[in-house]
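Trainee: Here is how the chains run, residue by residue.
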Amino acid sequence: MKNLHIYGIGYLMIFSSCYSTLNVRVHSFDMAKMRSSNEYIEKRKKAEFKYYQALLQNSYFDNIKVQFNKKINDALLKLYNENKISDKARTDLQSTIKSKVDLNIENLRASTQKASDILESLIKTNSDAIEKEYNAAQSDFEMKKLDLLSFAQNLGSEIGNPNLNLSLYNNLKTTISAVAQSNTYGTSIADDDMASFVVKAPEQYWEKYKSVFYTDNSDLSKSSENSSINITNVTTLIGNSDIAVKMDGPGNFIIKGVRLDADQAFRTSFKVLSQGISYMTGASGLSTNSAKSTSTSTNTNTVTQVPELQNFNKNKQLSGNLNTLFQQLTDTFLKILDSYKKDLVSSDNTKRKAAIDAVKSAYTYYKSQLPIQ
Amino acid sequence: MKYNIGDRVKLNQDYTLQNGTIPKGTKGTVTKVNNITVTYNVDFGSGQTDIIVPESYLDNA
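For the protein sequence lines, the chains are E and B, in the order given. Counted the way our numbering counts, the first sequence spans residues 1 to 373. Counted the way our numbering counts, the second sequence spans residues 374 to 434.
Simulated from the structure, these hints should not be mistaken for laboratory data. Quick caveat: nothing in here was measured; it's all calculated off a predicted structure. Beta carbons are placed, not taken as given, at the ideal position from N, Cα and C, and that holds for glycine. Warning: the hint list may mix true and false statements.
Said to hold, decoys possible - Only some residues are given here: those of chain E computed to face chain B with a beta carbon under 10 Å:
| hint | residue |
| --- | --- |
| 1 | Val66 |
| 2 | Leu79 |
| 3 | Lys84 |
| 4 | Glu158 |
| 5 | Ala358 |
Put together the whole structure using the sequences plus the hints.
Mentor: Spelled out as structure tokens, the structure:
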């Protein structure tokens, strides 16, 4: 029976604090397969549609026209003030340029409207014929954007290089493909519909291909092997293992580091050891403090039946004192840290090393004074 | 566009700038062709360089 107790305590010590194991596996998700999935294609089409609508609504093109023409008129007035152009030529040019600017922007607006309309019908019907029509409309839209960019650049150089790269206009420099891709994934994991797709994706999205897919893409069947790109195993005999996983962007996770900390484990180990000894001695029939308190539990006094109430006031006072002490210690440590702030980032290695040593010593002392949890 | 860089041109009418008028018949050299605005940068000499002149104001010199 005693042997059983001893084994029990041994296992308790091992499994409660002194031994920990951590196993992190990072599997690769098949993005190419995801991009060809219906879910992704649907989401992407909707993101593109949203982009067209954002351009068509909110007077986007009208705002560009107004800002464009204002900048052009300002540039022509500047040329006139610099004695580079006559007043009559300036006013003539204003109207000539305005009609050209308006024409370019209207062409882009019409192209945007057309692409948007066809895409809307593609989303509803999912027809191959309409898809072809949409691809042509999308190419035309990109062409019209390039026309406008080129027009603005050339016009700028002809009238004294005014800054025609308006903020609204700059939005057009991004291709719809790039815009749709970023909108498809959302700006955070909360509004990223594809995050839920990844979570619910079937096994085949996480498995390796059977064949060499980049030379023979006719066989894209999957093996049963997971496509792991990183496996991290940490086994700790004494101490805690922490692993830091960082999300660089939606769907992009990296392992920043693994940390072993024996400090807390030792504290907890001694606590468990103490409990273990008490339990063992109690089981052996020897008297201990805790055994004493158990033996008095038959007392009819209601306060002593609840040990926490017996020393309530004393413990409350002690807790208050500890709290004050903890606050003072924390303040002192932070003041020390603050006083070495400049030296810690100093380019002088000697100063920096001295500051690090001083802060380390302060932290060691600070930690040693904290109440054991 | 009728003229190229380096072509000699002359004004077919007075060209009034803020600080004075370049008289009709003044000759100059085309230094830049502006396709969108259909104008030319013309060097008339005497410090009057890079003057922007619409094509309709110019004739061959």
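Trainee: For every hint, state whether the structure bears it out.
Mentor: Hints, verified against the model:
1. Val66: 19 Å, violated
2. Leu79: Because about 6 Å separates Leu79/E from the closest Cβ in chain B, which is inside the 10 Å limit, the hint holds.
3. Lys84: This hint holds: Lys84/E lies near chain B, its Cβ roughly 5 Å from the closest one there, short of 10 Å.
4. Glu158: 4 Å, holds
5. Ala358: Violated, about 66 Å.
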